[in-house]
Amino acid sequence: MSTDPDTGAVPLAAGYRRDHGVHPPLDYPGYRSTALRHPKRPLHLLPHLLTEVTGPLLGEDRIGETDNDLTRQHDGEPQGQRIIVHGQVRDGDGRPVPNTLIEIWQANAGGRYRHTGDNWPCPLDPNFTGVGRTLTDDQGRYRFVTIRPGAYPWRNHDNAWRPAHIHFSLFGRAFTQRLVTQMYFPGDPLFFQDPMWNSIPDEKARERLVARFDYANTAPEWALAFEWDIVLRGRESTVFESEVDDD
Amino acid sequence: MSTAGETTPSQTVGPYLHIGLPWPDGPFALAEGAEGGFWIRGTLYDGAGEPVPDGLIETWQADPDGRFDHPDDPRGAKAWPGFRGFGRCETDATGEFRIRTLKPGPVPGLGGAMQAPHIDVSVFARGMLDRTVTRIYFPEETEANAADPVLSSIPEPERATLVARPAEDGYRFDIRLQGEDETVFFDI
Chain A
1 MSTDPDTGAV PLAAGYRRDH GVHPPLDYPG YRSTALRHPK RPLHLLPHLL
51 TEVTGPLLGE DRIGETDNDL TRQHDGEPQG QRIIVHGQVR DGDGRPVPNT
101 LIEIWQANAG GRYRHTGDNW PCPLDPNFTG VGRTLTDDQG RYRFVTIRPG
151 AYPWRNHDNA WRPAHIHFSL FGRAFTQRLV TQMYFPGDPL FFQDPMWNSI
201 PDEKARERLV ARFDYANTAP EWALAFEWDI VLRGRESTVF ESEVDDD
Chain B
248 MSTAGETTPS QTVGPYLHIG LPWPDGPFAL AEGAEGGFWI RGTLYDGAGE
298 PVPDGLIETW QADPDGRFDH PDDPRGAKAW PGFRGFGRCE TDATGEFRIR
348 TLKPGPVPGL GGAMQAPHID VSVFARGMLD RTVTRIYFPE ETEANAADPV
398 LSSIPEPERA TLVARPAEDG YRFDIRLQGE DETVFFDI
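In order, the protein sequences belong to chains A and B. Under the working numbering, think of the first position of the first sequence as 1, with each following residue one higher. Under the working numbering, think of the first position of the second sequence as 248, with each following residue one higher.
Looking at chain A on its own, in the form it has when it is part of the complex:
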């Protein structure tokens, strides 16, 4: 495709579906920190033009040799339950999202982050950093080896505890598809009081953040396994430019 010599117009790819009903509101009083950190004015509609339907396509140069195995980043083995976390990244139309960067970070087995701001009196693990990266393969599949993170207390409400979770960051192939989220573990008893979990309006959408225990892919005498698929926004069926042509 190329620029139209008469009008200078370039045909644009279809935009991405707006699926805000799926995501938490920016103003959610149950999570106290939202109070001063959410816009009060209404958002302005941003059409999905070239800047929005493109995005950074980051590659192997962002990945180190042990980045996808958080249990091999130090001389010794970290404490805790070794787990495999794997799954597929697809878009809302069911298409795999290949070669896309996934970044994860998490607490150690006791719920302590290797971060100066974390004062939870549970020790750091000298053999665990809690940071990983990988690229999905040509089928959108990813795989990490890590330690099952612990729950930890925080100061949001009386006796507040975060359920065990792993933070995930994904780029997809477009600015519109950028997603930062958290993966949870099945059967966690702490969901009921967690404002992050409860901020998601649709119960079915919440459940999509829970990994599936995957006995079949458990590595015997080595690691349990969890499977978690991630779905990024799908395409609008309409192409902007054809709408304009029809006018």
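Hint data in this document are derived by calculation from the structure and do not stem from the laboratory. In this text, all values refer to a predicted model and were calculated from it rather than measured experimentally. C-beta: ideal position from N, C-alpha, C; glycine also. Treat the hints with care, since some could be wrong.
What the hints assert, rightly or not - Restricting the straight-line Cα-Cα distance to at most 20 Å, the calculated cross-link-like pairs of lysine to any residue (SDA-like) are: (1) A:K40 - B:E429; (2) A:K40 - B:G294; (3) A:K204 - A:A219.
Unchecked claim - Only some residues are given here: those of chain A computed to face chain B with a beta carbon under 10 Å: (4) L45; (5) G92; (6) G130.
To be verified - If we take Cβ atoms under 10 Å as the criterion, some of the chain B residues that face chain A in the derived model are: (7) V299; (8) F371; (9) R382.
Put chain B on the given structure of chain A with help from the hints.
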């Protein structure tokens, strides 16, 4: 075919994003030492006017020809030497971020219309359950800004929050999440 309802929901980056997301070369949308670059610096503020020291700013933009190194640019992917187009910077203890980049060229919009040079911005932080999105426009582009379909759709005085200010080594673009001078954010 699945439906839009199956998208994975967003969650906050939380207070410890610094262990996972900053990159040593993150602020360099234009490689360190490459010619022709400038800094965009700014402070992220909350609704009490306090700096946000645990935020993350990401930028995405065209190259100086208004092109993207991406297969969905219908003119074809085109790389600009030393230029990644993507910048990422955590805010520091004073809420400040910095991105070293090149000025984007005008980018095609709908029909034959052009968009003024602009940079897309994502803002992440503890207390933000989803990112917010804004755009940086350039103060010297008076005519192009007036004709820009996105910028011109926003009434003053809010529109002014999207225009960077000149600074000694580039531009300044402060982001106010809430309050009197709240930055314009977009429904993306």
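task: Give me the numbers of the hints this structure contradicts, sorted from smallest to largest.
output: 3
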